[in-house]
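Chain A is fixed; fit chain B onto it per the hints.
2 protein chains.
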Amino acid sequence: MIFGSLNLRFKTMKLLQGLLLSVMTVPVYAVQWQSLPETAPIPADNLQSDAKITLGKALFFDPRLSSTGTISCNSCHNVMLGGEDNRPVSVGIEGQKGGRSAPTVWNSAFLSVQFWDGRAATLEVQAQGPVTNPIEMGMKDWDVTMQRLKSIPGYAALFQSAFGDKMSMTVENTAKAIASYERTLITPNAPYDRYVQGDKKALSPQQVKGMKTFAKIGCTTCHVGANFSGPNLPIGTGWFMKFPTIAGSTYDKKYRLMEDLGRYDVTQKIADKHVWRVPTLRNIVLTAPYFHNGAVNSLTEAVRVMAKTQLNKALSHEEVEDIVAFLKGLTGEFPEQTMPRLPGMTGISVID
Amino acid sequence: MIFGSLNLRFKTMKLLQGLLLSVMTVPVYAVQWQSLPETAPIPADNLQSDAKITLGKALFFDPRLSSTGTISCNSCHNVMLGGEDNRPVSVGIEGQKGGRSAPTVWNSAFLSVQFWDGRAATLEVQAQGPVTNPIEMGMKDWDVTMQRLKSIPGYAALFQSAFGDKMSMTVENTAKAIASYERTLITPNAPYDRYVQGDKKALSPQQVKGMKTFAKIGCTTCHVGANFSGPNLPIGTGWFMKFPTIAGSTYDKKYRLMEDLGRYDVTQKIADKHVWRVPTLRNIVLTAPYFHNGAVNSLTEAVRVMAKTQLNKALSHEEVEDIVAFLKGLTGEFPEQTMPRLPGMTGISVID
Numbered sequence: 175m176i177f178g179s180l181n182l183r184f185k186t187m188k189l190l191q192g193l194l195l196s197v198m199t200v201p202v203y204a205v206q207w208q209s210l211p212e213t214a215p216i217p218a219d220n221l222q223s224d225a226k227i228t229l230g231k232a233l234f235f236d237p238r239l240s241s242t243g244t245i246s247c248n249s250c251h252n253v254m255l256g257g258e259d260n261r262p263v264s265v266g267i268e269g270q271k272g273g274r275s276a277p278t279v280w281n282s283a284f285l286s287v288q289f290w291d292g293r294a295a296t297l298e299v300q301a302q303g304p305v306t307n308p309i310e311m312g313m314k315d316w317d318v319t320m321q322r323l324k325s326i327p328g329y330a331a332l333f334q335s336a337f338g339d340k341m342s343m344t345v346e347n348t349a350k351a352i353a354s355y356e357r358t359l360i361t362p363n364a365p366y367d368r369y370v371q372g373d374k375k376a377l378s379p380q381q382v383k384g385m386k387t388f389a390k391i392g393c394t395t396c397h398v399g400a401n402f403s404g405p406n407l408p409i410g411t412g413w414f415m416k417f418p419t420i421a422g423s424t425y426d427k428k429y430r431l432m433e434d435l436g437r438y439d440v441t442q443k444i445a446d447k448h449v450w451r452v453p454t455l456r457n458i459v460l461t462a463p464y465f466h467n468g469a470v471n472s473l474t475e476a477v478r479v480m481a482k483t484q485l486n487k488a489l490s491h492e493e494v495e496d497i498v499a500f501l502k503g504l505t506g507e508f509p510e511q512t513m514p515r516l517p518g519m520t521g522i523s524v525i526d
Numbered sequence: 175m176i177f178g179s180l181n182l183r184f185k186t187m188k189l190l191q192g193l194l195l196s197v198m199t200v201p202v203y204a205v206q207w208q209s210l211p212e213t214a215p216i217p218a219d220n221l222q223s224d225a226k227i228t229l230g231k232a233l234f235f236d237p238r239l240s241s242t243g244t245i246s247c248n249s250c251h252n253v254m255l256g257g258e259d260n261r262p263v264s265v266g267i268e269g270q271k272g273g274r275s276a277p278t279v280w281n282s283a284f285l286s287v288q289f290w291d292g293r294a295a296t297l298e299v300q301a302q303g304p305v306t307n308p309i310e311m312g313m314k315d316w317d318v319t320m321q322r323l324k325s326i327p328g329y330a331a332l333f334q335s336a337f338g339d340k341m342s343m344t345v346e347n348t349a350k351a352i353a354s355y356e357r358t359l360i361t362p363n364a365p366y367d368r369y370v371q372g373d374k375k376a377l378s379p380q381q382v383k384g385m386k387t388f389a390k391i392g393c394t395t396c397h398v399g400a401n402f403s404g405p406n407l408p409i410g411t412g413w414f415m416k417f418p419t420i421a422g423s424t425y426d427k428k429y430r431l432m433e434d435l436g437r438y439d440v441t442q443k444i445a446d447k448h449v450w451r452v453p454t455l456r457n458i459v460l461t462a463p464y465f466h467n468g469a470v471n472s473l474t475e476a477v478r479v480m481a482k483t484q485l486n487k488a489l490s491h492e493e494v495e496d497i498v499a500f501l502k503g504l505t506g507e508f509p510e511q512t513m514p515r516l517p518g519m520t521g522i523s524v525i526d
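Taken in sequence, the protein lines are chains A and B.
Its first residue numbered 175, the first sequence is counted upward by one per residue in our numbering.
Its first residue numbered 175, the second sequence is counted upward by one per residue in our numbering.
In isolation and in its complexed conformation, chain A is listed as follows (with noise of 0.2 Å):
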């Protein structure tokens, strides 16, 4: 019942916090530490399929889903690296920059709400932002889009074989495809897993310290879970955290970390100033730069800001090696792929 609200959910954790202040120690917590599924948490009203994540394949490569014919869902959650792009900030059309970091793809099945500020409760709700986003793939709106599609030949048979006939294409079903194929991005077997699992060599001795040290600081009041992203939620529900916690540190200004003021601009509530989804850790060495704002450009230096911020701990250079070594430990298997055929134009081009 407490997470059952959202409301409830934060001021519990406010109050939390608030504890862990005021008595300036922090518990060791009894971490229960859970391997990745293999399998994402799939919503009763779109199961998976081959067919479906075909699709779904197609349409988050197909470059036509922007009004350029430039970017895909893969420019700024590119597949092949780490999920994102490896920038501060993602280019949508024309070089427009966005203003947050794009979150890796992998694994996203596992969040309770999507976005930085959870604004989309669900992969099928995500997907469809970016698309008419003016700063990133820049349809003019969704009718627009579908026409488009319906004019690529090939699609309509996809989807058909998807969702059963030819009047299935509809932003929902697309929105519906992508979010299987994205449901399929898991990156199970890493080291940390098999540790977990009873391989005790799977983690150096070094990350193992790293481990402890990760707990026992109070990481893992944020960073719990299977995915690090938080207990596992209804979809929907969403783990949030304010950050900074503690404001006023040297990291504020140098980082910026006051100007966003995160899912306060979704719900326009004080309470939810500063306030972010809590990110996943996994594949972190692979998602440089870090935070909202990719204002951070090494996984060390977010160590120790994540430190300071949330936690008012000044941690020691071991302590940091320890916890990024730990960190390179979450790095899961990537399942090989094939590329998607994009459905050929006959002899037209559909970008003017």
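If you are wondering where the hints come from, they were derived from the structure by calculation, not from laboratory data.
Careful, some of the hints might be misleading.
The list makes no distinction among identical chains, and a pair is therefore deemed to hold if it is satisfied within one copy or across any two copies.
Claimed, not checked - Below, simulated SDA-like cross-link-like pairs (lysine to any residue); rule was C-alpha separation at most 20 Å, straight line:
1. Lys-487 <-> Thr-394
2. Lys-390 <-> Ile-326
3. Lys-428 <-> Ile-525
4. Lys-428 <-> Asp-315
5. Lys-447 <-> Met-432
6. Lys-428 <-> Ile-522
7. Lys-375 <-> Lys-386
Showing chain B alone in chain A's frame:
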């Protein structure tokens, strides 16, 4: 010997054009129809190997070869589409537009020169162009590019595997690996190929009619050979034609055909004004819009323009439709490919 020298060859073709125009009847050539080989010519100094192809594929898809980390070779030469971007001209870093339409990378290994103006003799030389082009991938120079590749740990192992030692991370080997990958991009077994190999049902009656018209009116003067881009010439020779050969039609202005001087910009020779490398017609229905400037959106119109500007023919509606039907028979089989895993950084970004 006729084709041994570019000038000689070009003069010969000019002579041929003059002859054709003066008699105003076009002889029916005894066209030697050729199917596409399953392997491309391989240069003696860059033999194929699995390791080289693996490295080349990673490089081809890696957007970190651009200054902003947003543009890879595949951005403009999209192998999941028809090998290019279906745009009039491509978009490089910061939304900048190039001056010419991206040629397809599929079957580019069969061209004896690269780029629209033939300024690169080989795929190896071609691959070195876009990376440091300020409006394409925008790297400052190749020293900076190689420094960046060296800073990505996984590339050292891929180069070592491909070229034998750690000192092998050079611009020359980078280009060799990309070229090796590109030499695997071949689309055999088009309906046309199956037809000329004896399967008389592979093309429809209309397509066969179009094929005959295509030869009869003289398209095969230039679009000959297995790749419809010229005869089998030694790499670097080049097979060029003036476009428009017959200037003065309304198309010149409508499609801005006289603006770009083509090969003249490379050689500064008057005879090379508006001279272009003859492009392949393979997979042509997938690569709209058409011509060096991408000014013609539909293949139907492109056929009309070609007939008028190159052969001084005003084709009937039926002839155009027949030729287009034939050209649709040039779409081959695209080999299934796995996605490359791009070597990851460890906790730091190489993009500023």
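*Tell me, please, which holds for Lys-375 and Lys-386 at an alpha-carbon limit of 20 Å: within, between, both or neither?*
within (16 Å within a copy, 70 Å between copies)
*Up to 20 Å between alpha-carbons, please classify Lys-428 paired with Ile-525: within, between, both or neither.*
Between copies only: 19 Å across, 42 Å inside.
*Is it within, between, both, or neither for Lys-447 and Met-432, if the alpha carbons may be no more than 20 Å apart?*
within (9 Å within a copy, 59 Å between copies)
*Indicate which option fits the pair Lys-428, Asp-315 if close means a Cα-Cα distance not exceeding 20 Å: within, between, both or neither.*
neither (38 Å within a copy, 31 Å between copies)
_For Lys-487 and Thr-394, with the copy left unspecified, which applies at a CA distance of at most 20 Å: within, between, both, or neither?_
Intra 14 Å, inter 75 Å, cutoff 20 Å: intra-copy only.
*Could you place Lys-390 and Ile-326 in one of the four classes (within, between, both, neither) given a Cα distance threshold of 20 Å?*
For Lys-390 and Ile-326, the Cα distance exceeds 20 Å both inside one copy (55 Å) and across copies (32 Å).
*Up to 20 Å between alpha-carbons, please classify Lys-428 paired with Ile-522: within, between, both or neither.*
between (50 Å within a copy, 18 Å between copies)
When the structure is compared with the earlier hints, violations turn up for hints 2 and 4 and for no others.
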